[in-house]
Every structure is written in C-alpha cells, then in structure tokens.
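The residues making up each chain are set out below.
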Amino acid sequence: MTAPIRRDVLQDLDQFRSEARQWLETNCPESQRQPMQAEDQYYGGRNARFPSADAQLWFERMRDKGWICPEWPTEYGGGGLTPQHAKIIKEEMKAVRARTPLYSLGIWMLGPALLEFGNEEQKQQHIPAIINGEVRWCQGYSEPGSGSDLASLQCKAEDQGDHFLVNGSKIWTTAADKSDWIFCLVRTDPNAKNQEGISFLLIDMDDPGVTTTPIELISGESEFCQTFFDNVKVPKSNLVGELNQGWSVAKALLVHERKLMSELGSESPREVLVPSAAARQYLDMVDGKIADAQLRADLVDYDMTMHAIGLTHFRTFEEKLADTRSAAPLVMKYVGTEAEKTKSELLLAILGSQGLGWEGEGFSQAELDTLRLWAMSKAMTIAGGTSEIQLNVIAKNVLQLPQS
Amino acid sequence: MALVLNEEQRFLRDAAREFLNANAPVEALRKLRDDKDPTGYSSELWHQMAELGWASIILPEEYGGLDFGFTGLGVVMEETGRTLTASPLLASAVVGASALLLAGSEKQKSSLLPKVAAGELTLALALEESHHHRPTHINTTATTEGANIVLNGRKTFVVDGHSADQLLVVARSSGEAESERGLSLLLVPRDAPGVSVQRTIMADSRNAANIVFEQVSVSSDALVGPAGEAWAVLEQVLDRGRVALAAEMLGLALEAFERTVAYLKEREQFGTLIGSFQGLQHRAAQMQAELELCRSVVLQALSTVDDAPEQLPLLASLAKAKLNELVKLVTNEAVQMHGGIGVTDELEIGFFLKRARVAMQIFGDTGFHKDRYATLCGY
Ligand SMILES: Cc1cc2nc3c(=O)[nH]c(=O)nc-3n(C[C@H](O)[C@H](O)[C@H](O)COP(=O)(O)OP(=O)(O)OC[C@H]3O[C@@H](n4cnc5c(N)ncnc54)[C@H](O)[C@@H]3O)c2cc1C
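Chains as they are written, first to last, in this note's numbering: chain W, 1 to 404; chain R, 1001 to 1379.
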C-alpha cells in the first residue's frame, strides 16, 4: 500500500533536497556552522551590526536566495515555496549545521499575521523590511495588571482624528530596548467588554514618548523591559485589521508564537549539552549502564518523551500536508516547554556541583551555559501563555468542557 | 506519510468500528465472563472477523493474506481496544503468524499460514516461565532423542493458550540458563500427549493458560527455524506483538478517556457540571496531551515494522513503555473521575481498568522496556 503522495512530487522533492544540500554546502561559510554563543545571534534592526563578516555574507546569500522566509510570497521578497520545500531547507540547514542567519520576531510572529490581516500598503512597508533584517520588532501585549488575563489590558489608544494618542505601559517586552518597532494590543473602546474593544497597532519606537526600562532576570540577563507610552502619536494607517478587532489578529499570531516555543528546545543556538551524552561524560558507568538508578530512570523518561514529541512534530506536519487536523498542535506548547524544564533539571543533576557555577574560572563554557539555560527554562512555561493557561485552552477548545 | 492514515486505512478503521460496535461491544465480554464461556471468546465472531480479512492483514497474498501492512493492522487493533473485544487476533494472527512467516520453512508456511489467515487454525506463543516477562530465561528443554525432539518444562501466562490449536513453544536446546543462545521454537499441537493445559482466569476476563510439557515428543519437522537459533526471530516476533498490543492499548485509552470526558459534561455537583472544575479540567487536558504523544508513537512504531525493521527494537520498547504508562494513568483517572459509580461492576470502566493491567504485563512491563530502551541508547 502506498501513501497518497504522487511519485513525481516525491521525485521533485528529492531533487530539491539534493540541490538544497549542495547549495548550502557551497554557500554556508565554515564559521557559520559552529555552535553559537548568544552574542553570535543576528537580530537585524536599524542599529544592528553583524557579529562578523561571515555572518553578514551568510545572511546576504540566504536573503538573495529567498530562503530567509522560503514560504512567504515572492512579491514581498519571500521564496514563494511550498511547506514541503521549506521543511526540506530547514532539515538540510540542520544537517550541515548551518546557523540561523536572522533571528526575528518579525519572521516568527508579526509577518504571518500581517500577511493574513494587513492591507497592501502595510505589507509593502513591513514585510520586505522584516526579510531584509532592516527592522527589529518586539511584542507589546502583557501589562503589569494583565498577563494571563490579557483581555483585561488597559494601555489605551484614543482616536484623535488623523492619529491615535497612546498612553499606558507594557511589561515583559522581550528586547524592547533593542527593537525599532513594537506591535501592540491597545484598548480603543473603553466601554466595550474585554476583547471587543482591543485593536492591533504598530508603533515606531523612535516616536516621541516611547521609553523602555530593562528588567534583570534570574538568569542574570536582562532580556526584557517595561515599555512606557506617554502621549505617543501613532498614524491611523498603523492599525492592522479593523478597529476593535485586534483580538482576532492577536489570536492568529499566538498560534505562531506557541508553535515556535514548542520547537525552541530543539533549535537552541548555543552548544547545549545533550543529557545522554553528558551522562556518559559526568556519571559513573558500570557495564555500560549508568550506575545511579534514579538518574538512569529519569534520563530514559526524558529521552522517551523527547522521542514522542519529535514524532508528534512530524505528525502535525504530515497532517498539515494531508489537510487533516488533530488536537496535536494545541498540546505542543505545553509538552514542549515542560520537557525543556525537565531537561534542564536533569542536566543540573547529571553535572552535580560542576553544573552550579555562575561565572568565571573552574567551569567550562558549556557548564556555565547549562546553569543559565536552566534559569531561562523556568520562563518557558510562563512566556507565550503559561502551562496552566495551555491546559485551560485544551480543556476548553479540544475537550469542550463546560466553563465555569 | 507514515503518521497520517491514508484513505484505505481510514476506511478500514470506520468499517472495523462499525462492525465491533454492532457485534462485539464491551457487553459481549461481560457476557462471556458471566457465562463462564469455555472458549473465552466467541468462535462465531472470530470467523466473522476472519471473513473481514482481519486474521490475514499482515500476511502476504501468496499465503492467503491481504498484505495490508502493520499500519492497517494497527487501526483494527485500536478498534478492538475500544470495545475490549476478546479474540485470537493478537496471539494467532499477529504473534503466531509472524513467527511462522519469519522463521518457518516453506512447507510450514504454505501448509499453515493460509489456515491461520482464514481463522481456521489458531496459534499461541508459549514463552513465559515466571511472573515477569523474561524472554531469555527459558528452562523448558528440547532434547534430541533419535529422530524426535522431547520437550519438558512449564509455561505460564500463555495468552490464548487454552484455546489455541497449536502452541509455538520456546525451549532451550543448548546454552546456559538466561542466554539468548540455544533457544528453539517448536510447533506442538495443544492436544499432544504429555501437554497439560490449565486455563487461568485473568483479571481482564480473557484467556491465558499455565501449560506443562512432560516428555512431549515431536518430530524434527516441528522445529520452526534452526534449532538453537530462535532468538533473533523471537525478538522480532515479540516486537511485532508489542507494537500491535500498543495499538490496542491506544484504543483502550481513547475509549476510557472519551467516556470519562463525556461524564464530566453530564454529572452535576454543587449545582454545576463537574467538568467545569479546573482541578479536573487540567488532569483531563494532561491526559489529552499524553494521548497525542502516544498516538504518534504508535503510528511510527507500526510503520517501522514494515518500513524500517532495523529500528523496530527501539520503537517497540518506546511504544510499549509509553502505552503502559498511558493506560495506567487514563484508567485510574477514569475510575476516579466517575466517583462511586466508577468502582462498580455495572459501569464498564472497570473492564478497561482490568484489561489495561493485563496488557501492561504482556510482552514486558514498563520497567522492562525502559531498561531495554536505555540499553539500546547506550546507557
Ligand atoms: C521570557 C519571557 C518573555 C516574555 N516576552 C514577552 C513579550 O515579548 N511581550 C509580551 O507582551 N509579553 C511577554 N512575556 C509575558 C508573558 O506573556 C506573561 O508573563 C504571561 O502571559 C503570564 O502573565 P503574568 O506574568 O502576568 O502571570 P499571571 O497571569 O499573573 O499568572 C500567575 C500564575 O497564575 C496562573 N494563572 C493565571 N490565570 C490562571 C487561570 N485562569 N487558571 C489557572 N491558573 C492561572 C498562571 O499560570 C501563573 O502560574 C514574556 C514572559 C517571559 C517569561
């Protein structure tokens, strides 16, 4: 019995795969195939500088090839390819260990939403700039009083005829201090109930009245900020979708965010330790087995879970191609980020005191990174909708359980 | 595409579901139990299943099979898991048939497999000798005496052993106790002189048996594959059985889960539906997440049998371990979330709970498969 994929399509994909591999082998500089440190990541933006000449070369080649966003339409600078082709590029990049040339919230979150909800002018203005790495975007949703209960947000945009006047603040805005533009949810109708009075607005952070204050995290980094808006004038043309209909844009975008987060673990840019390899390096082995029975049991549980998660990612991809749907995509953010936390705890346990070094001498870079990533892993089940909220969503949307 | 069913497979699933709901719902198992049915399954039902081709799904056409592959088998197994249908499907049409197919001589295959495919002949694997799955711990002996081979030993937990026509007996021809080397596979009629069969009534109201072999003499034609070299094939046969059983367990878990979610939408306490309580919602959502992961694992394991047998050991152990944990979780939660009625015999949830426990032991418990998976991963 054969699966319902036509043979000529398969042949075309096979050929594309070998061409892609060859192109990557030829065009990805050797230095761009090494594990990365955080400072090697290129996020683009008005003030960005490439981490190295090779990073620039690599980015420009990928951009000119149309492979920064292989699935986006060609008229805005995308590659115009099918999901199958895009997946092959991703897999082949992984196979040659090519670095991601451009890290971008514009690519992962805003772009897909703009392509769906933006008007022609907005697409022309923003999509090529995202692909070309000219503008760095951040996400302004959460507020001090509105986290999980996002629809209660208060940051307001008042209609002033030709522009909106924005006042309020956003919090946990990742990289707000390094970004050029912010996509925001703002309240445009104070009288409407919760999600009904919310709009989706694009704001240039160079505009007068926008300020940011970094916040330090338990990982020692200050990845995110509080962002303040004080009488900021925003042109009406920056409204995406209809007035007071921003919630539907946000919901579509959230799907992309959660998908991204569920896959993040497998795509970490740093040279992260793999638990099973670390176990062989750091633990006593007897007859080829980890001597510590508890750690061996924990490790096999983790490996099995990751194996199952990997297969489920494949399944959701195949379902997409076959135009069938299951509940799998809705559980992946929850299982993926919980597994990331489990992994970090496992690595810490495997490394023992050698995994507890905060900085300086006596520890390898990988060991220091392990601890920092452990701290960061705690954020994974909070950002993009907490695990508890994910479970609420599964209960409501998949199981259709009654809401109290 | 291995992880999505194609049209034929979906069609088979729908047909299987319809047939089983009409002819072999959980009530049928209750009736077999209450009537103390001597066979433990309905022969009439088994013949109907065979007519639908289910006994021959994995066999090649030359032996009367449908050659529909393991993914096809999986959808049927899954549906029989939903209805807890008692039949020789696993023991005979999967495990027994695989053993003959992979190790049998051309003569054995052409004379026996068409009968197995037609459901006319049933097989059972007589393997276990202790209360845990230890496939190399074989003390039953196979000794050559002239032109014959003589079997001595005791087997336990032989699934469908009291009703099968022929037993596939794992015995030791040579080698040390617990060694993979020196194992042989022999075909012995259940009613051969010296074979005594004790039916054991198990928690799941299905069939198993303790079997004693005392000076059982068979001709050397009874050997399936070369003497002393059965391990490689036995391991593959067991892996196929594990994967098929995992598919059944997925169906079992899905059915118990769906019935429970339905109850959450129906039962009221404190003036509201109990499904509105977040304490229950989150536990249900976590089960949904596990079910999604397990579905992927089962589909991949099934297609591995046909497409990448070299990866089968890893996938089979992944599937069996994961599904063992899943059915334990889901059946326990199903009982708990039904409250008092959940522990009554009247509610069918109890049948799911009990079948789950038996299935968890067949062909290796959770610890067995986690240890095997870790060993295969090199730690
Ligand atoms: C690393 C990181 C990066 C982030 N980046 C951004 C960003 O770029 N832009 C942005 O806008 N936001 C960002 N966030 C914010 C993130 O979206 C929020 O932190 C998140 O939605 C939770 O909101 P909160 O922090 O207010 O927690 P709260 O909502 O106050 O939650 C506190 C606890 O209560 C639980 N809880 C809340 N409601 C319920 C409920 N209904 N049922 C059960 N339990 C519940 C939560 O699960 C949590 O355990 C980021 C967060 C992190 C950690």
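Derived from the structure by calculation, the hints contain no laboratory data. It cannot be assumed that every hint is accurate.
As the list claims (entries may be wrong) - Covered stretches of chain W, going by a simulated chain R footprint (3 or more residues, C-beta under 8 Å):
# : segment
1 : 158–165
2 : 273–287
3 : 318–326
4 : 358–371
Claimed, not checked - Straight line, CA to CA, 20 Å or less: simulated SDA-like cross-link-like pairs of lysine to any residue:
# : chain 1 : residue 1 : chain 2 : residue 2
5 : W       : Lys-259   : W       : Met-306
6 : W       : Lys-289   : R       : Asp-1345
7 : R       : Lys-1328  : W       : Lys-251
8 : W       : Lys-396   : R       : Lys-1036
9 : R       : Lys-1036  : R       : Asp-1345
Quick reminder that beta carbons are idealized off the backbone N, C-alpha and C, glycines included.
- Task: Examine the segment 358–371 of chain W for residues whose CB is less than 8 Å from any CB of chain R, and state whether their number is three or more.
- Result: Our answer is that it is violated, as 0 residues pass the Cβ test (under 8 Å) against chain R, missing three.
- Restraint status (C-alpha distance of Lys-1328(R) to Lys-251(W) at most 20 Å): 36 Å, violated
- Message: With the threshold set at 20 Å, check whether the alpha-carbon distance from Lys-289(W) to Asp-1345(R) stays at or below it.
- Response: 45 Å, violated
- Task: For the pair we were handed, Lys-1036(R) and Asp-1345(R), check the Cα-Cα distance against 20 Å.
- Result: 16 Å, holds
- Query: When you check the alpha-carbon spacing of Lys-396(W) and Lys-1036(R), does it fall within 20 Å?
  - Reply: Distance of about 44 Å is beyond 20 Å: violated.
- Message: Can you confirm whether chain R covers the segment 158–165 of chain W, using C-beta to C-beta distances below 8 Å and requiring at least three such residues?
- Response: Our answer is that it is violated, as 0 residues pass the Cβ test (under 8 Å) against chain R, missing three.
- Task: Decide if the proposed pair is consistent with the structure: Lys-259(W) and Met-306(W), CA atoms, cutoff 20 Å inclusive.
- Result: This hinted pair holds, its Cα atoms lying about 16 Å apart.
- Can the segment 318–326 of chain W be counted as covered by chain R under the rule of three residues or more with Cβ-Cβ separation shorter than 8 Å? holds (count 6)
- Item | Check of the segment 273–287 of chain W against chain R for coverage (Cβ-Cβ below 8 Å, three residues minimum) | holds (count 4)
The structure is inconsistent with the numbered hints 1, 4, 6, 7 and 8, although it conforms to all the rest.
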